[in-house]
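Visitor: Sequence:
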Amino acid sequence: MKPNERRKMILEAIKQNDAPLSATALASNFGVTRQVVVGDVSLLRASGHDIIATARGYIIYEPKSAGGYIGTIACRHNEADTAKELHTIIDLGASIINVTVEHEIYGEITGVLNINTHEDADDFLCMVQNSEAKLLLQLSHNGVHLHQIACCDKTHFEQIVQALDAQNFLYNGA
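In terms of my numbering, the sequence shown has 60 at position 60, counting the first letter as 1, and numbering is strictly consecutive.
Worth flagging that the hints you see were computed from the coordinates, not collected in a lab. Among the hints, a few may not be true.
To be verified - Label pairs and their in silico Cβ distance ranges: (1) K134 with N172: 22 to 28 Å; (2) E158 with P3: 23 to 29 Å; (3) D91 with A25: 26 to 32 Å.
Claimed, not checked - Pairs of lysine-lysine residues, derived as BS3-like cross-links and limited to a Cα-Cα distance of at most 27 Å, are as follows: (4) K84 with K154; (5) K134 with K84; (6) K2 with K15.
Every residue, glycine too, gets a C-beta built ideally from N, C-alpha and C.
With the hints as constraints, model all of the structure from the sequences given.
Guide: The following block contains the structure:
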């Protein structure tokens, strides 16, 4: 198979899959190495395709929102409260699109989360626990971080803000 054909097929596989596809799985499907897939995805991105690498694999960037409202919240808490924060948002029927921190050297750093269920949140937390990686909040000043949240509408978003505020997870500038 020619490289251009393989890249087209990789793009289609990512588009058609509901779950993230890992480079390893794609490599196995197309009979190439993981490194070849990583290179192919880089070329697809460079040609304008919105492919995002998440911790669970590649997805096409399409924020999920039941009614189309995406809001941003500023949070601050310690590492131990991360599960409670994520589960609070998920329990209220929203999705967590990403997390962004302000790094003193690199400026803004954003990580795609794409967390829609408790299982997604628990998988993410398990990967963090089983790796040497740090949560982005640990790279920021005092654990301050932003989340983009996808939900039904502005009223739904305000309910999420109130629930996080009740748990003292919101950053208020102090």
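Visitor: Would you pick out the hints that fail for this structure and give their numbers low to high?
Guide: The structure breaks only hint 2.
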